[in-house]
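Visitor: Need the complex rebuilt from these two chains, each delivered in its own frame; the hints are there to steer you.
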Amino acid sequence: MRDAMIRNGFDVYAIREQFPVLDREVKGRRLVYLDNAATSQKPQSVIDALINYYSGYNANIHRGIHTLAEEATADFEKARDAVQLFVNAQTREQIIFTRGTTESINLVAYSWGRQKINAGDEIIISGMEHHSNIVPWQILCEEKKAKLKVVPVSNEGELLMDELEKLLTSRTKLVSIAHVSNALGTVNPVKQIIDKAHQAGAVVLVDGAQSTVHLDIDVQEMGCDFFAFSAHKLYGPTGVGILYGKKHLLESMPVFQGGGEMIKEVTFEKTTYNDLPYKFEAGTPNIADTIALRAAIDFMNKVGKEKAREHEHELLYYATEQLQRVPGLKIIGRAKEKTSLISFVVDNTHPQDIGILLDNQGIAVRTGHHCAQPLMRRFGIPGTVRASFAVYNTKEEIDELLAGLQKAVKMLV
Amino acid sequence: MEDGKTIKEIEEEVVGEFSLFDSWDDKYEYIIDLGKKLAPLADEYKKDENRVRGCQSTVWLIADEKEGNIFFKAESDAVIVKGLISLLIRVLSGHKTDEIINAKLEFIQRIGMTTHLAQTRSNGLLAMVKQMKNYALAYKLKNSTTV
Numbered sequence: 095m096r097d098a099m100i101r102n103g104f105d106v107y108a109i110r111e112q113f114p115v116l117d118r119e120v121k122g123r124r125l126v127y128l129d130n131a132a133t134s135q136k137p138q139s140v141i142d143a144l145i146n147y148y149s150g151y152n153a154n155i156h157r158g159i160h161t162l163a164e165e166a167t168a169d170f171e172k173a174r175d176a177v178q179l180f181v182n183a184q185t186r187e188q189i190i191f192t193r194g195t196t197e198s199i200n201l202v203a204y205s206w207g208r209q210k211i212n213a214g215d216e217i218i219i220s221g222m223e224h225h226s227n228i229v230p231w232q233i234l235c236e237e238k239k240a241k242l243k244v245v246p247v248s249n250e251g252e253l254l255m256d257e258l259e260k261l262l263t264s265r266t267k268l269v270s271i272a273h274v275s276n277a278l279g280t281v282n283p284v285k286q287i288i289d290k291a292h293q294a295g296a297v298v299l300v301d302g303a304q305s306t307v308h309l310d311i312d313v314q315e316m317g318c319d320f321f322a323f324s325a326h327k328l329y330g331p332t333g334v335g336i337l338y339g340k341k342h343l344l345e346s347m348p349v350f351q352g353g354g355e356m357i358k359e360v361t362f363e364k365t366t367y368n369d370l371p372y373k374f375e376a377g378t379p380n381i382a383d384t385i386a387l388r389a390a391i392d393f394m395n396k397v398g399k400e401k402a403r404e405h406e407h408e409l410l411y412y413a414t415e416q417l418q419r420v421p422g423l424k425i426i427g428r429a430k431e432k433t434s435l436i437s438f439v440v441d442n443t444h445p446q447d448i449g450i451l452l453d454n455q456g457i458a459v460r461t462g463h464h465c466a467q468p469l470m471r472r473f474g475i476p477g478t479v480r481a482s483f484a485v486y487n488t489k490e491e492i493d494e495l496l497a498g499l500q501k502a503v504k505m506l507v
Numbered sequence: 037m038e039d040g041k042t043i044k045e046i047e048e049e050v051v052g053e054f055s056l057f058d059s060w061d062d063k064y065e066y067i068i069d070l071g072k073k074l075a076p077l078a079d080e081y082k083k084d085e086n087r088v089r090g091c092q093s094t095v096w097l098i099a100d101e102k103e104g105n106i107f108f109k110a111e112s113d114a115v116i117v118k119g120l121i122s123l124l125i126r127v128l129s130g131h132k133t134d135e136i137i138n139a140k141l142e143f144i145q146r147i148g149m150t151t152h153l154a155q156t157r158s159n160g161l162l163a164m165v166k167q168m169k170n171y172a173l174a175y176k177l178k179n180s181t182t183v
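Chains as they are written, first to last, in my numbering: chain A, 95 to 507; chain B, 37 to 183.
Isolated chain B (complex conformation) (with noise of 0.2 Å):
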């Protein structure tokens, strides 16, 4: 999470930092970048409840809740994916259940990353976008049954 910005002011931050790449390559030399650096799961995360199913590459997704902010952390084995997670964990991670259901996410599209999202069964991007988004409305629910 960077610290009191919004979904949408990080959105931007990540849009006008690919605007610096004119070549396919150097896009994903960084989006490799980021998958060799993002932080790996614990192995007892490595579980089938946290998979989120794509059909080729696999993804492990968990969300925490802290004072009303979710956190995620996932990881993948294909390393782009990783990279992809790692933009979406930086932009989704660490907001209120809200911002987080209600988020556009248009920066997936403005940085040339919208093949990703296809429905072509070939990554889990979308099913990833998704299974945040429901973690966000399951904590939601949670406390307003609880409260």
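Here chain A stands alone, though its shape is the one from the complex (with noise of 0.2 Å):
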């Protein structure tokens, strides 16, 4: 087993050492995390990243004439470069920096949404999004008297494309989907639904909270008009978010939020704002964290996102074969095109049981609606046991998942 896991330069046991919090003990045995979804664990580099910043750098940004200043500020916009390569941005001023996902998806709803709704107009978003991609449309379909859409999602967890097309009408002016359900791990078509939403003269804005880590992403590519993800699933740390936006549309847009750096001059009569990107990045931003992005940046293009996948792969196979084992267990989201992830359900237990029981063997996975609360009322069900796997997870740690469930299951039932 060992070996089938290390190849092509491929060697998830090297991986795995980089990850200091994976050597830890849970109850006593040896933490086994399959929480990745909701959060990755972080490499050393990326706590070096925060470390040398606090104990050797660490200055405000972007104004001081001094040299820490100036090597923050040279980090920080570091950061920046990286990001837009690793999502091929046109230009790197259209790499907005947020405290994370929500944020992102906040801004658009409350610069962009509120510049361009108006009564009667219909916003679309799927049956399967976080409640992040719900709410703040909510919000501005009732404040604005416009009508949010909602495209179904099929038995095995994937979108009814041919419905999408029917709620494409001339008032669609948004249509704002995730890359990948966090609930189910499917892959969404997001260019064909790009190219449908563009045909009916719609913006789009893709989620990619979940496919970020996972998926080869070139926003030129995807042809998105706004791109939302966050660090801290991505292997860097919390409170970073990016929004990626069209150039035209960033600059159209109305500022978020007010205070320092998105001004170019204020008096009191009025102020002029500031240049993309910093028009949207109002106060001191998240330097040290920002910063330390480019670290969890240089991991992954390091290990390699093809090499990773095809790892992160295997684990899906693996335990979607190994778990059918667990008598009554029936996994939620069967689409043909999935990230690395099994949510499920166990005949006559609750989802939360089987957590407490897993936590206790020292196994941690995510139980419960995962902020999709919609999507599990269409599957009729309180919520699910979610597995899902990074680039340092094993073939082991899901032999350890499969005889915890069963010991779980055997408890339980």
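It cannot be assumed that every hint is accurate.
What the hints assert, rightly or not - Distance condition first, Cα-Cα at most 25 Å in a straight line; then the derived DSS-like pairs of lysine-lysine: (1) 241(A) to 260(A); (2) 424(A) to 109(B); (3) 501(A) to 109(B); (4) 358(A) to 172(A); (5) 178(B) to 504(A); (6) 109(B) to 73(B); (7) 73(B) to 501(A); (8) 358(A) to 121(A); (9) 132(B) to 504(A); (10) 364(A) to 290(A); (11) 73(B) to 504(A); (12) 121(A) to 63(B); (13) 172(A) to 63(B).
Hints were generated in silico from the structure; no laboratory data involved.
Quick caveat, the model's predicted, so the values are computed rather than measured.
Guide: This is the structure:
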């Protein structure tokens, strides 16, 4: 088994060594961390970047003339360059730093949405969205008397594309859709969705919170108008999000928050605003975590996304096959294209009970509705157990999950 | 309710029983067993106003007063939570309002169940304890205004 996970220059055990937390014990057992879709663990290089910043050159950025401020500014802006390359944005100015995917989506809802959405307009989302890609649009629709429409989901957990076409009308101003479902792992055909939406004259926001760590992201090839994601799900720190936007859209959008950094000149009569990206980055940004995001991107580039994906898929197939051995287990979400995530329920058990019993065996999974209550309602379940795999997970850990689950089910049923 | 015993005394009893378990699975098997044996709540009580808001499992809780003593009945869709409910009812049900309001419920920590009280949105135990105390407080206020 061990050899099976080392090949083509990919060595999962060498990767694991870079993640100090994976060595810790939970309830007397070595941690098996399978909650990566909630947040990934951080490699030493990311932790070092944080320590180096605070112990070496902590300073506020952009306006200081002293050495520390220059160093901090340079590294902060290097992170922007790294993100630009990472998602292949046309220019660095199109990369806006936020607090997370949620704030990125809210930025678009408040700025672009309040300017462009009028009474009677329509916004389309899907039935598998995370609450953070539902609620901002609900708030906007309520305020503007616009209509929120939802693309339904099939029993397999795929979007019903025919229904999307029926929902698109001349009043559709925006389609906001998850690239990958956080609860099911479904990879949505975003390119196709974007083409159809553009034909109808709508703007498209892609929620990339779950996809960016797994898939190759090329925003130009994808053609999306906005792309939102978070650093903490790609081995980076919490508290940093990214919003990519097409330049003409970002330039025409009104400012989101007022304060320092985002201004050109302030008098009590009138303020003129800074250029992109700074007009959307009011106040002191999250300097340390943004700098450390670059280390996370370096980590992923070094591993290679394709090799990581190959490894994660192997884990997905292995786990899908192995978990069938648990009596009464039903996988929720059987899309043809999935990222390395398995959501499931077990007959006559509550996901929470399974989560508690797995935790007692040192296995971390997520249980509940995964902030996607409408989707759970669609499947008629209170929630699922979700095991999500990252580049550092192994088949041995899936064996432990299986054994842990068998024990839990035996205790519960 | 266990006749004549104080909340503190019943807590000690529970702690004594749990001290016999030397592994986590024995302890949880006992809690699961308690959960399975908890008398079901009639469907008419399973309505929104009786729901204790936890994030994952649903808990319904009702309270009744007889001669100054408060009696609780509850149920959940998750069996471990049901087992914990069963323990809470055993400890708190049938006592006077003040005793319930002032109960420290240290047994939860002493039997190693503190994780279930954590603010992790994972279950409604903390909310349940609060709700039980709120019921006691409500009955206390009701009695003091009607007297």
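Visitor: Would the pair residue 364(A) and residue 290(A) pass a check requiring their Cα atoms to be no farther apart than 25 Å?
Guide: 42 Å, violated
Visitor: Quick one, are residue 424(A) and residue 109(B) close enough, alpha carbons at most 25 Å?
Guide: Measuring from Cα to Cα gives roughly 33 Å; hence the hint is violated.
Visitor: Within a Cα-Cα threshold of 25 Å, do residue 172(A) and residue 63(B) meet the stated pairing?
Guide: 53 Å, violated
Visitor: Between residue 73(B) and residue 504(A), is the straight-line Cα distance small enough, at 25 Å or below?
Guide: 17 Å, holds
Visitor: Is residue 121(A) close enough to residue 63(B), meaning Cα to Cα at most 25 Å?
Guide: 14 Å, holds
Visitor: Within 25 Å, alpha carbon to alpha carbon, are residue 358(A) and residue 121(A)?
Guide: Measuring from Cα to Cα gives roughly 55 Å; hence the hint is violated.
Visitor: Tell me if the straight-line CA distance from residue 501(A) to residue 109(B) falls inside 25 Å.
Guide: Between residue 501(A) and residue 109(B) the Cα gap is close to 30 Å, so the pair fails against 25 Å, i.e. violated.
Visitor: For residue 358(A) and residue 172(A), compute the direct alpha-carbon distance and say whether it is at most 25 Å.
Guide: Judged against 25 Å, a Cα distance of about 23 Å means the pair holds.
Visitor: Are residue 178(B) and residue 504(A) close enough, with their CA atoms no more than 25 Å apart?
Guide: 47 Å, violated
Visitor: Hinted pair, alpha-carbon criterion (25 Å max): residue 132(B), residue 504(A). Please report holds or violated.
Guide: 40 Å, violated
Visitor: Please work out if residue 73(B) and residue 501(A) have their alpha carbons no farther apart than 25 Å.
Guide: Holds, because 21 Å separates the two Cα atoms, which is no more than 25 Å.
Visitor: Hinted pair, alpha-carbon criterion (25 Å max): residue 109(B), residue 73(B). Please report holds or violated.
Guide: Status holds; Cα separation ~13 Å.
In the structure shown, a violation is registered for the earlier hints numbered 2, 3, 5, 8, 9, 10 and 13, in ascending order.
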